[in-house]
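Each protein sequence line maps, in turn, to chains A and B.
Just so you know, we're using the UniProt record's numbering here: the first sequence kicks off at 1 and counts up by one.
Just so you know, we're using the UniProt record's numbering here: the second sequence kicks off at 1 and counts up by one.
Hints should not be assumed to be uniformly reliable.
Computed cross-link-like contacts, BS3-like style, restricted to lysine-lysine with a CA-CA straight-line distance of at most 30 Å [to be verified]: (1) B/Lys105 with A/Lys72; (2) B/Lys69 with B/Lys46; (3) A/Lys116 with B/Lys168; (4) B/Lys46 with B/Lys105; (5) B/Lys168 with B/Lys69; (6) B/Lys168 with A/Lys72; (7) B/Lys105 with B/Lys69.
Facing chain B, according to a computed beta carbon distance under 7 Å, are these residues of chain A, among others [what the hints assert, rightly or not]: (8) Leu7; (9) Ser10; (10) Ile12; (11) Phe17; (12) Leu28; (13) Ala71; (14) Ala73; (15) Val83; (16) Gly93; (17) Ala95; (18) Met99.
For the record, the hints were derived by calculation from the structure and aren't laboratory data.
All C-beta atoms, glycine included, are put in the ideal place defined by N, C-alpha and C.
Below are the chains, spelled out letter by letter.
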Amino acid sequence: MIYVEQLITSFIASAAFGVIFNAPRESLVKCGISGMVGWVVYFALDTNGFGTIFATLMASFLIAVVSQVFAKAYRTPIIIFSVAGIIPLVPGGLAYDAMRNFVENDYSVALSLAAKASMISGAIAVGLVFSEVINQVIRRSSLGPAK
Amino acid sequence: MENQDQTFEVMRACMLAGKIMLQSGAETYRVEDTMSRMASAFGIDKTHSYVTPTGIIFSVEGVGPERTKLVRISERTTDLRKVAMVNSISRNISSGEVGLAEACKLLMEIEQANLTYSFPVQITAAAIASGCFTIMFQGSWLDFLPSMAAGGIGFFLVVYFHKIVPVKFFAEFLSSFFIGMLSFFFVKFGLGQELDKIIIGSVMPLVPGLLITNAVRDLMAGHLVSGLSKGAEALLTAFAIGSGIAAILSFL
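Looking at chain B on its own, in the form it has when it is part of the complex (with noise of 0.2 Å):
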């Protein structure tokens, strides 16, 4: 009955590990290994999880009768230090620094935790990160201005949508409306010179690099459903960045 339990306890802190590593945009094969190597870190060599980007089944062939566990998945942001963070937990806990019960203790303060940088800081970067897209991609100095301003309001209106309607899709659609529009009249009083160069910098934050290459990977590495379904949502941001600007372009 004990040897039960503390089955039981391994998974739970497992798909726990699992579920912050998906959450936080870990790639499908990680979480897997990860998963698989705290398993047999405390004892149980007989996993078997199977991983999509809306949920983990993980089940476990040990004493007593079988066990499987299902986590839904329904928001998926990306958080690269919580992904770090649990896999460094996973390290230590199979070189044996760290026990079951610690282990679980450390993974819950994890999830609870809110370790993002202020969202000033992050907007910031946004509009910095465009700015410096424009040039890289062949604008003139002139426009950097201009794109930094209108890719980090770009970035505060995407998260300030999302909050609002909790569609995803329709807060990019609506953010890159106002990109294009900022970018349109910034061209139009002379503030910036190639509508083109200002809006691809400015709508980089927001463009979904990071799903695209994933999916491909994922596909490549034989995860199909996780790389199909990665890269329908990639689709579909591209999908709603693309109408939001030609919204804008075929009314002015």
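The shape of chain A in the complex, shown without the other chains (with noise of 0.2 Å):
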């Protein structure tokens, strides 16, 4: 039930911010859908005690695939779904978090806080680039399709 309800959120959620950020109506529905898979990869794998770093790591990576297939297929840049995809993703909350704990003057809190959220959005961009880099890989090797 609770898989429910995050999977029609996250799609909510990932759509609207292709709203915000004004990206094509015939794609909305895209983007709902690449934010959709990385939140629940995301969500099942942080539920289940794998670690949020890791969670993060593999649900960017499943994103980046998403997006990656979605921009070959109708020829426009990734970064229009990978962008509303990774959205609930970036640690917005624990950024905030940590900011909060520095102007409170806790900052032994502030500090793990900022490390912890600069360590997620490292695992962000690791999957992103690891997709690129497999990506390239298959299509440079004879798997990929003949030029």
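Each of the two chains sits in its own frame; use the hints to bring them together as a complex.
Structure follows, in structure tokens:
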């Protein structure tokens, strides 16, 4: 039941972010799909004890793969799909928490939260880069489509 | 002479394309890539570009004296539709479907055009996203409506304040201040349950998620200047939001 709830809300939230970022109208549903896939993987891994950073890494990798498929199929820049998909993963809540603790003079808590937020941003970036590397390896090897 | 004029026209088109993309929130590497592809489609193979979030330097090695141009970028928004449109124009140029004069005309039209969704639609989207985020962060459904209201109002305020006072961080500070206040009153009058969940959900439309991710990506791709400056911008925004919320929490 909780998964259904998470699936629906993450789909809507990602599509809504597509609107805020002014993505083309016909790609809003695809934005929602990439966000939904990523968030559900993140949520499943995170709640089953795999750790937030690993969960973020896998989710952003999957989002990048999905976005690449969409970008190839519809000949649009990959950023349209990946940004809307990645927004839920971005440690916005953590960054906010860290800053709030900084402002409230609670530096030790703030620093550890900030460190965690930057690790998660790093995990997102590594996931994105990793999928790009695999994509290029496939394209250059014999597995890829013959040009 | 004619050749030099054409080089200049090609540069103008490339710079325009780069400027639109950078202003609309494209990645640094995409801007560089698009400019060099466009130039080589028009027969200029040796180009160099240096792209940062605040300006583009583009230089061409061609016939006659080398040319270099600089464009200053002062305002950046996120408008993925424009990125997609410039991208498809550059594709058409590469495949030879669009000539130089036509490309210039199309790019100029895109630069002038206002293609965003209408403001009420954007506010609604921000409100819906805020509500959904509260649920995604394990909030209860009782907090769905309060965070929708706070998120929508917060997004409206950040755009509104930004129009009055053209200091982005001040607008973010003020609107997160109001988000905090609204959320507090919602909880106080029994309309919402968990203050933290409502606040985190409703600040999500303001949080610099795209910037944080783009900054790390740029750093990893070796665009050190772009990465650091985007990181600084993201940090300032996060600081503005955090201090806005903290200010309201310390008053109450």
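Do the hints match the structure? See the list:
1. B/Lys105 with A/Lys72: Between lysine 105 of chain B and lysine 72 of chain A the Cα gap is close to 27 Å, so the pair holds against 30 Å.
2. B/Lys69 with B/Lys46: Cα-Cα ~15 Å, so holds.
3. A/Lys116 with B/Lys168: Satisfied, since the Cα-Cα distance of roughly 26 Å is no more than 30 Å.
4. B/Lys46 with B/Lys105: Since the Cα atoms of lysine 46 of chain B and lysine 105 of chain B sit roughly 24 Å apart, the hinted pair holds (cutoff 30 Å).
5. B/Lys168 with B/Lys69: With a Cα-Cα distance of about 28 Å, the restraint between lysine 168 of chain B and lysine 69 of chain B holds, given a limit of 30 Å.
6. B/Lys168 with A/Lys72: Roughly 36 Å between the alpha carbons, so the hint for lysine 168 of chain B and lysine 72 of chain A is violated.
7. B/Lys105 with B/Lys69: The given pair, whose Cα atoms are some 20 Å apart, holds under the 30 Å limit.
8. Leu7: Violated: closest Cβ of chain B sits about 10 Å from leucine 7 of chain A, beyond 7 Å.
9. Ser10: With a closest approach of 6 Å, the serine 10 of chain A hint holds.
10. Ile12: holds, 5 Å
11. Phe17: holds, 6 Å
12. Leu28: violated, 10 Å
13. Ala71: Hint violated; alanine 71 of chain A Cβ to chain B Cβ min 10 Å, cut 7 Å.
14. Ala73: violated, 14 Å
15. Val83: Because about 6 Å separates valine 83 of chain A from the closest Cβ in chain B, which is inside the 7 Å limit, the hint holds.
16. Gly93: This interface hint holds because 4 Å falls under the 7 Å limit.
17. Ala95: Since chain B brings a Cβ to about 5 Å from alanine 95 of chain A, closer than 7 Å, the hint holds.
18. Met99: Hint on methionine 99 of chain A: holds, closest Cβ of chain B at ~2 Å, below 7 Å.
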